[in-house]
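Asker: Sequence:
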Amino acid sequence: MKLSKNYRAAQEKITESAYAPIDAMALLKEIATAKFDETVEVHFRLGIDTRQADQQLRGTVSLPNGSGKTVRVAVFAEGEAARAAEEAGADIVGTDELVAQIQAGEFNFDAAVATPDQMGKVGRLGKILGPRGLMPNPKLGTVTTDVAKAIKELKGGRVEYRADRYGNAHVILGKVSFTPEQLAQNYGAVYDEILRMKPAAAKGRYVKSITVASTMSPGVPVDSSVTRAYTEKAAE
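Using my numbering, read the sequence shown as starting at 1 and increasing by one per residue.
Per label pair, the in silico range of CB-to-CB distance: (1) TYR7 - MET197: 29 to 37 angstroms; (2) PRO138 - PRO64: 23 to 31 angstroms; (3) GLU30 - PRO116: 46 to 54 angstroms; (4) HIS170 - ALA229: 19 to 27 angstroms.
Here are the simulated EDC-like pairs of lysine to aspartate or glutamate, each with C-alpha atoms no more than 16 angstroms apart in a straight line: (5) LYS29 - GLU181; (6) LYS149 - ASP91; (7) LYS13 - ASP23; (8) LYS121 - ASP96; (9) LYS13 - GLU30; (10) LYS203 - ASP54; (11) LYS29 - GLU41; (12) LYS29 - GLU12; (13) LYS69 - GLU41; (14) LYS121 - GLU97; (15) LYS139 - GLU160; (16) LYS149 - GLU87; (17) LYS203 - ASP49; (18) LYS69 - ASP91; (19) LYS127 - GLU106; (20) LYS152 - ASP110; (21) LYS139 - GLU153; (22) LYS208 - ASP164; (23) LYS149 - GLU80; (24) LYS69 - GLU153; (25) LYS233 - GLU181.
The set of hints was computed from the structure by calculation and includes no laboratory data.
Glycine included, each C-beta is placed from N, C-alpha and C at the ideal position.
Work the whole structure out from these sequences, hints included.
Answerer: Take a look at the structure:
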């Protein structure tokens with residue numbers, strides 16, 4: 001695969017084997033040269049075997065500075081819950097009509113929330129919503145009676161993480177337009193969560209490597225031994 005001149009130039013600026021989080025974010029902003037506001041992600045390579053039931057890793061985490069993404073939320077609810085969802089800023093609220101809309105292939109939302117009494121209807125959409133990562137899930141807080149809280153969290157910067165079959169987890173941190181401090185703070189929230197949720201059955205080294213990258217940039221390695229003071233620069 002032929003690399004562009006800008007990409008090769010960006011690679012040449014990555015001269016260290018690992019950077020302190022704040023330094024990695026500053027460098028990432030420097031080498032991100034696309035003409036749009038690129039999304040920043042962190043990629044964890046973890047020492048877990050997700051083929052084992054006791055080594056699964058999945059959950060959500062709220063980013064202190066938001067994700068920089070406008071999230072459209074659909075809510076399956078009726079009655080008082082539907083009114084609460086509308087007041088909380090849900091983009092779509094419905095029951096049978098929303099189910100029919102999805103069955104017809106219309107997806108005008110990025111996240112879905114449902115009240116428990118609606119899961120009988122929503123369950124029929126599992127094969128449609130599941131592969132798209134849109135199925136409401138009580139473990140992720142998207143099947144709840146407190147729809148207003150769920151909507152607020154989703155729109156305010158709550159992101160999902162999940163380790164794939166290779167033990168890698170990819171999580172959004174924000175946008176290149178964020179300051180290095182904002183990105184480092186978001187990174188810290190995610191890293192703290194990944195460490196907190198370490199499966200008890202995981203053996204050996206848990207965090208093998210961490211890389212941050214924007215949409216069009218090469219990856220910048222982050223020092224995985226830094227587990228606090230994420231906004232402090234590396235010692236000279």
